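Kindly generate the complete structure, drawing on both the sequences and the hints.
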Amino acid sequence: MDKFAKTNPAWALVIALVVVAFLWLVLAPWPTELEAAIGRKRVFLNALLGGITLGALYFLVASGFTLIFGLLRIVNLAHGSLFLLGGYIGYEVTNYTGSWFLAFPIVFVAVGLVGLAMQRFIFAYMEGEELRQTLVSIGLSVVLADVMLWYWGGQSYTTLAPGFLRGPMELPLISSINTTSGEAIFIRYPSVRIWILIAAIVIGVAMWLVLNRTSLGMLIRAGVDDREMLAASGVRIQLVFLAVFVFGAGLAGMAGVVGGTFQSLSPGEDTRFLLASLVVVIVGGMGSIVGAAIGALVIGIAEQMGLVYAPTYSVVFTFLIMAAVLAFRPQGFLGAGR
Amino acid sequence: MAPARAPDRLWFERIPMAWWIVVAVLLTMPLFANNFWLFQVMGWSFILGTIAVSLTFLAGYGGMVSLLQMSIAGLAGYMVAILGPSGTTSISLGLAWWIVLPAAFLIAAVFATLCGALAVRTEGIYTIMITLAIAAAFFYFTRQNYTIFNGYSGFNLVLPPQLFGVNWRDPAPFYYLCLGCAALCYGAVVYITRSPFGLALQGVRDNPRRMAALGFNVTAHRVAAHALASVFASVGGILLVWQNAQIAPGTIGIPAAIDILVVAVIGGIRRPLGAFVGAFIYVILQVFSPDILGTFGFSAERFKLIIGLGFLAVVLFSPDGVLGLWDRWRARRARRVDPLTGAPR
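Protein chains in written order, with the numbering used here: chain F, 1481 to 1818; chain G, 601 to 945.
Derived from the structure by calculation, the hints contain no laboratory data. Check before you lean on any hint, since a few could be wrong.
Each computed SDA-like pair below joins lysine to any residue, with the alpha-carbon atoms no more than 20 angstroms apart [to be verified]:
hint, chain 1, residue 1, chain 2, residue 2
1, G, 904, F, 1626
2, G, 904, F, 1633
3, G, 904, F, 1623
4, F, 1486, F, 1497
5, G, 904, F, 1497
6, G, 904, F, 1748
7, G, 904, F, 1746
8, G, 904, F, 1747
Please read these numbers as outputs of a predicted model, since none were measured by experiment.
In structure tokens form, the structure reads like this:
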């Protein structure tokens, strides 16, 4: 960071100013002129928090996608279907057992098994044929989508969060100052979303630690760099592939439970989240967990801010960000050059 | 595959008998087929095939699997609805057909060129991801934009012009219109792939580095391929909007974009004919699956499952599609010998 400030003093100043301005926007109560110009601070903060929590959900879906892509070179276009499948199974488990938390391990195992079957019986037979694998995953997504439509129908489902997660919680962020008493009014936000954000951060940090501090992570990183060499040095790489695919699929399934709680599940959500993961991964850089986190945050915030301030064109913002990244940095923010 | 070229035979003698039969059947079809068959089955097959042949051109000859072709077709269709007359008089400009059609082709080509320029910055599977993302963005945009694309409801009553006093939406004229357009597009693809540009494009597909070393501008060839393919896609899109007499965001959704890929792959993505064979199979399955599924006690909606499984089977077992299966069957027939004498049968 010091080095960056020394080599690019002008850019460092601009970045510092932007950060300070952003912190001021978030922390300080807004003067009335500003509220008159761009609306209430509560709206802004809600959009920002909505963007961050949506980014957390996108991260959960996209991190599995990017991990699978980074190591196995499979663009798994059935990833959105795994998300939706996880959501539906989570809904059934929550309804059947009455426990929301039990849904997570069950969904992880169930969707992980689907992923295991996909990798073991289909993708493993066409290793290296990237285009064919992608086409197969498209076929799988068509089949899975129709099977799910068959079983669960076209209506939308919402998984109920347990009692103590329902309702709002107060955050230490000032939304406005009461003009008569002078008291600060703090922002209130649905607590389940805050907990999901925390969970996503924990999962992200855990993934980073596993990847960078354990021997399994060492194998995976070596596989991303050069899998032929790794296989030649005696590692049973198919097992590593299988583990990563199962983990990525299970993560998508768990994200489905989260998505079912947070929003709702219906046919079509699979393509929506597949698209979101694609854009997140393109923006963040293929195969990079940190890149996926940054991309998810950027896309989530852009989508929510767009929804609040320019409702018609919110999707176009996402697309414009993607186009800009592709035009100026085709490998994504943190992607390694190919 | 190709018959031996004898110099003393005229060009039309070199065309195999099967082709003449197919052409004769297609040309005389209005004599014996009913209107539903002409308009829905054959018309739709030709339209889907025309859009899919643009993907075949890009993927089979350019090596770029783009999921954008349906969006480009949809944009051309939208332009016909917006610039020409439609039921939504508050938006449609109602211009004459000779302005509308060139404008639709031009706008679609500009869009395809821009998106192509973006997509060719990447290769292989990345192209699929990026074109899928652009296609989705375009779909959501048309669904949310009410000032130009009229949002969720889209446009209806988009009718073809009454040229030469013929109602081109009547089954027989529409059939011949689709047949003519499809044949032209097929011929154009075959012609282009044998032209210097097409050969250079195939070189770029096989080895971009070597082509660059030979002095070809790889990026320009790829972008030009996107622009050329947009013409075929636009033809299909305009016919599609005339056939349905309406266009809405659902026409260009992600499932529709994937259907085009499915059609091209099922038929065989290496050859232009595959697009039409695939389209015919797809349409037959879609039109007749309710009856067939009903007899086995399934709901008619399981059509997508059949298409998906068929697509999976083709990708898994015959990557060059149904035409590849046909070729292999013929090759095995040709190799078969009489078990007693050893002479070829």
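Output the indices of the hints that this structure fails to meet, ascending. 5
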